[in-house]
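Asker: Go ahead and model the full structure; you've got the sequences and the hints to work with.
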Amino acid sequence: MTKAPVRHVVVTGASAGIGRALALAYAQPDTVLGIIGRNETQLESTAAACRARGAKVIVGIVDVREPEPIRAWLHRFDDQHPIDLLIANAGVASTLSSASDWEDLDRITTVVDTNFYGAMHTVLPVVERMRTRKHGRIAAVSSLAALRGMAISPAYCASKSAIKAYADSVRPLLKRDGIGVSVILPGFVKTSMSDVFPGDKPFMWTADQAAAYIRRKLDAGRAEIAFPGLLAFGMRILTVLPITLADAILDKLSYLPGKEDVN
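In UniProt numbering, the protein residues as written are 1 to 263.
Calculated directly from the structure, the hints in this document are not laboratory data. There could be a bad hint or two in this list.
To be verified - Calculated lysine-lysine pairs in the BS3-like style (CA-CA distance at most 30 Å, straight line):
(1) K175 to K134
(2) K201 to K190
(3) K252 to K190
(4) K164 to K201
(5) K56 to K217
(6) K217 to K201
(7) K175 to K217
(8) K134 to K56
(9) K56 to K190
(10) K134 to K164
(11) K252 to K201
(12) K134 to K190
(13) K252 to K134
(14) K217 to K190
(15) K164 to K175
Stated by the list, open to error - If you anchor each label on the Cβ, the simulated ranges turn out as follows:
(16) P202 to T244: 19 to 29 Å
(17) D177 to A72: 21 to 31 Å
(18) P69 to L241: 36 to 46 Å
For each residue, glycine too, the CB sits at the ideal point set by N, CA and C.
Answerer: This is the structure in structure tokens:
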């Protein structure tokens, strides 16, 4: 059975980083792209680059933390261009700068509202349409940090773990309706989000490298897309090691906030 072509694609967090690279990866003459972000200047730059590749581009300056505006925008887009693929990519990072640093409730709320609830605000309005059509794919960008929490970024790890758990949970449910669900687990990618991470960054990929890999695996219908392979393998190994040993390994890799000197 021949797969239906993916012609109508929406990417959130498309202003920069992996989101911009994914928009460019799908930009071609027979594609209508919906790109969503908060930074108008950067988003228009992404749009121009995608149009130069022949795609029709519709821009949405929308904050995924706000459920009603994102729902309205997605429904307007879907009314004209029924969405084949939704990539929920928008996210923010948060790391602890030192052993005395701590994520208060406001900081945690910002991370969770953007990363997890932002994904839900994006996915749910589209899923309700896809279930009626019995067609489509949802791709949620999580992180390899979802596999094992790290002391350097508690709220970030928790928010990305929630995305993975949700995607894994609804996958078999939506399969009944002909909808595919993919969860994307990037390792370190050379973006501004990685720049705030103070620890070692092994096997770092460029955003273009990551986007090309993600598109290839999405085209193949892969349920979980984890990369780079060696880092993904290492993170999975940590989950079966004794907890104290796994903590010690992460500490050695500088994934634990450093202690301040006391004079």
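Asker: Now look at each hint and say whether the structure bears it out.
Answerer: Hints, verified against the model:
no., hint, verdict
1, K175 to K134, "9 Å, holds"
2, K201 to K190, "10 Å, holds"
3, K252 to K190, "22 Å, holds"
4, K164 to K201, "22 Å, holds"
5, K56 to K217, "23 Å, holds"
6, K217 to K201, "23 Å, holds"
7, K175 to K217, "18 Å, holds"
8, K134 to K56, "25 Å, holds"
9, K56 to K190, "27 Å, holds"
10, K134 to K164, "23 Å, holds"
11, K252 to K201, "13 Å, holds"
12, K134 to K190, "37 Å, violated"
13, K252 to K134, "48 Å, violated"
14, K217 to K190, "20 Å, holds"
15, K164 to K175, "16 Å, holds"
16, P202 to T244: 19 to 29 Å, "22 Å, holds"
17, D177 to A72: 21 to 31 Å, "23 Å, holds"
18, P69 to L241: 36 to 46 Å, "44 Å, holds"
Of the hints listed earlier, those the structure fails to meet are numbers 12, 13, in rising order.
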